[in-house]
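Chemist: Given these sequences and hints, build the entire structure.
So the protein lines, in turn, are chains A and B. Residue 1 is where the first sequence starts when you use my numbering, and the numbers rise one by one after that. Residue 248 is where the second sequence starts when you use my numbering, and the numbers rise one by one after that.
Please keep in mind that the hints were generated in silico from the structure rather than gathered at the bench. Errors might be hidden in some of the hints.
[Unchecked claim] Using 27 Å as the maximum straight-line C-alpha spacing, the simulated BS3-like pairs for lysine-lysine come out as follows: (1) B/532 with A/222; (2) B/310 with B/324; (3) B/263 with A/245; (4) B/263 with B/324; (5) A/245 with B/274; (6) B/358 with A/25; (7) B/540 with A/245; (8) A/226 with A/16; (9) B/336 with B/324; (10) B/470 with B/263; (11) B/324 with B/428; (12) B/532 with B/556; (13) B/428 with A/51; (14) A/226 with B/540; (15) B/356 with A/214; (16) B/470 with B/563; (17) B/430 with A/106; (18) B/563 with B/532; (19) B/556 with A/226; (20) B/525 with A/245; (21) B/540 with B/457; (22) B/336 with A/214; (23) B/540 with A/222; (24) A/16 with A/222; (25) A/226 with B/565; (26) A/226 with B/470.
[What the hints assert, rightly or not] Derived CB-CB ranges, DEER-like: (27) A/195 with B/248: 54 to 64 Å; (28) A/221 with B/290: 43 to 53 Å; (29) B/410 with A/212: 32 to 42 Å; (30) A/221 with B/565: 39 to 49 Å; (31) B/563 with A/191: 52 to 62 Å; (32) A/231 with B/485: 27 to 37 Å; (33) B/426 with A/242: 53 to 63 Å.
[To be verified] Coverage of chain A stretches by chain B, computed from C-beta distances (three or more under 8 Å per stretch; other residues unrestricted): (34) 3–15; (35) 138–147; (36) 159–173; (37) 210–220; (38) 228–235.
Idealized CB from N, CA, C, for every residue including glycine.
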Amino acid sequence: MKILVCITKSPDTTAKIAFTDNNTKFAADGVQWIINPYDEWYALVRAIELKEADASAVIHLITVGAADTEPIIRKALALGGDEAIRINAESSDSFYIASQIAEVAKEGSYDLIFTGKETIDYNGSSVGGMLAELLELPYISLATKFDIANGQATVIREIEGGEETNQAQLPVVVSCQKGVAEQRIPNMKGIMGARSKPLKVIDPTTIEPLTSIKSFELPPAKSGVKLIPADTPEELVRLLHEEAKVI
Amino acid sequence: MSVLIYIDQSEGQIKKTSFEVASYGAKVAELLGTSAEAVILGSVSDDLAALGNYGISKVHTVKNDSLNHLDAKVFAKVIAEAATSIGAKVIIFSNNFTGKAIAPIVSVKLKAGLVSGAIALPDVSNGFTVKKNVFSGKAFANVSINTDIKIIALNPNSYPVTATNGTAQVSELNIPVESPKIKVTATNKLEGEISLSEAELVVSGGRGLKGPENWSIVTDLAKALGAATACSRPVADSGWRPHHEHVGQTGLAIAPNLYIAIGISGAIQHLAGVNRSKVIVVINKDPEAPFFKAADYGIVADAFEVVPKITEAVKKLKHL
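Modeler: Shown next, in the form of structure tokens:
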């Protein structure tokens with residue numbers, strides 16, 4: 001079984017969010033970059049678990065990013081990926097990213113393609129669905145459980161107010177979220193081994209993005225908390241009813 | 248040209264988020280000087296003509312047994328064909344679980360730029376720019392859609408539902424439906440619970456509640472308010488509460504009108520999932536809890552003492 005896991009870098013979850021160049025660029029100076037948590041904790045770790053259950057399985061990692069993406073690719077290899085492909089381009093447009101990945105994936109005959117449910121920077125939730133369409137494969141989004149038997153995937157996906165069990169024949173594209181797997185820490189053997197695993201860099205295909213970011217904004221600062229004395233909790237209810245008008 | 252709104256339904260009933268996207272889509276149509284039309288798939292028992300109350304002039308239905316369960320690709324193909332047949336230039340989805348599955352596929356089919364997680368009406372004064380959440384709600388981006396057809400997926404609870412008097416014309420579109428490649432073998436709805444992603448009021452608990460045996464103070468307040476319940480990540484990871492209740496950066500991101508956080512210190516990852524809430528109330532005995540900086544109202548107190556009193560006050564207000 002060949003598994004492709006799509007990963008991307010994102011600012012650490014505690015990174016300070018600021019912008020430069022007249023609010024048109026993310027201020028990346030001093031920011032710690034990590035593997036997008038949905039890609040790492042859920043998509044990649046589930047792929048590793050599947051490989052642990054089937055020794056013949058192979059995990060390829062793919063990312064669209066510049067050279068500074070390589071530390072996070074090495075970390076993904078240290079966790080358990082077998083080889084990695086970096087498409088040497090950067091974009092905020094989901095269609096551009098999905099199209100670049102699709103160009104590579106269609107040559108790879110993958111049985112299973114995992115993405116995280118979204119990135120924690122652009123929050124698009126779009127690459128998985130776009131990839132499925134570009135590759136003409138079935139798509140199951142927001143998986144909270146993933147199992148495989150006899151070439152058939154059984155996936156539990158979240159729906160409003162509950163969950164739904166889906167079945168699909170491989171190959172399939174699945175976007176993963178909490179529940180699919182648990183976060184792992186790479187061990188020293190994995191870190192050492194990752195240094196010699198193949199990391200192929202390829203040039204992007206010419207693709208026109210469909211969207212572009214004009215500018216960023218920060219939310220307005222909060223005016224400050226209104227503290228209510230602990231001995232008059234009914235005052236909170238009055239304020240929520242009369243002032244905030246939310247109950 | 249027109250604006251096409253995808254009306255999401257579940258078990259024959261229109262989902263609440265659909266009224267929001269209908270109201271939003273009607274306003275987008277007004278901005279563009281055109282009409283708002285809707286498409287709804289599968290068997291529906293609700294009165295579709297009543298979508299006219301939300302500014303929809305025409306409702307296009309596509310009925311087929313294959314459309315009673317979601318296969319994102321099958322749905323996307325039908326919606327893309329419906330959009331083409333009516334000449335839609337803007338297509339609008341809710342950025343709910345269904346919209347997140349379908350909208351990207353329609354985007355590829357029509358080579359239409361997609362902005363998901365939109366939180367405001369588009370700016371059509373110079374091109375077509377849509378404001379969306381980025382960095383998990385810690386910032387916004389103004390995104391230009393550079394294609395002839397535009398797709399917007401609107402975050403739930405981002406636009407007010409505006410009901411007027413109107414009647415939509417309902418007609419059936421004759422679009423062939425492919426056989427699904429995804430088989431739905433079970434659906435498990437959590438009976439009696441309010442869907443967190445759609446909830447207007449949410450009461451949430453953290454480690455400060457000390458254990459699952461104490462959760463009744465959260466559920467009692469939620470019941471009195473008619474709110475959904477949620478929890479922080481350590482609570483879900485400890486198995487005190489189910490994973491689907493985890494709100495935060497790696498759980499569910501929500502934007503209710505009211506978020507009450509009980510015994511949650513407010514780690515940045517938690518805040519990233521709830522900072523779009525219109526009003527945040529924090530109840531914590533630690534006055535240094537970082538959550539107070541993000542809160543609108545706060546009480547520094549022992550939750551076990553103060554929350555039952557709040558519940559009683561809510562019951563009194565609501566004559567329960």
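Chemist: CA of residue 540 of chain B to CA of residue 222 of chain A, is that 27 Å or under?
Modeler: holds, 8 Å
Chemist: Return holds or violated for the Cβ distance of residue 221 of chain A and residue 290 of chain B against the range 43 to 53 Å.
Modeler: holds, 49 Å
Chemist: Examine the stretch 228–235 of chain A for residues whose CB is less than 8 Å from any CB of chain B, and state whether their number is three or more.
Modeler: holds (count 5)
Chemist: Sort out whether residue 106 of chain A lies within 27 Å of residue 430 of chain B, counting only the CA atoms.
Modeler: holds, 24 Å
Chemist: Is residue 428 of chain B within 27 Å of residue 51 of chain A, Cα to Cα?
Modeler: holds, 25 Å
Chemist: How does the coverage statement for the stretch 159–173 of chain A fare against chain B, requiring three or more residues with Cβ below 8 Å from a Cβ of that chain?
Modeler: holds (count 11)
Chemist: Are the Cα atoms of residue 563 of chain B and residue 532 of chain B separated by 27 Å or less?
Modeler: Given that 27 Å is the threshold and the Cα spacing comes to 25 Å, the pair holds.
Chemist: For a C-alpha distance cap of 27 Å, please report whether residue 540 of chain B and residue 457 of chain B respect it.
Modeler: Given pair residue 540 of chain B, residue 457 of chain B holds - Cα atoms ~23 Å apart, limit 27 Å.
Chemist: Regarding the pair residue 336 of chain B and residue 214 of chain A, is the alpha-carbon distance no greater than 27 Å?
Modeler: The given pair, whose Cα atoms are some 21 Å apart, holds under the 27 Å limit.
Chemist: Measure nothing beyond the straight line between the CA atoms of residue 226 of chain A and residue 565 of chain B; if it is 27 Å or shorter, mark the hint as holding.
Modeler: This hinted pair holds, its Cα atoms lying about 23 Å apart.
Chemist: Under the criterion that the straight-line Cα-Cα distance not exceed 27 Å, is the pair residue 358 of chain B, residue 25 of chain A satisfied?
Modeler: holds, 26 Å
Chemist: For the stretch 3–15 of chain A, do at least 3 residues have a Cβ located nearer than 8 Å to some Cβ of chain B?
Modeler: holds (count 3)
Going down the numbered hints, you'll see the structure goes against just number 30.
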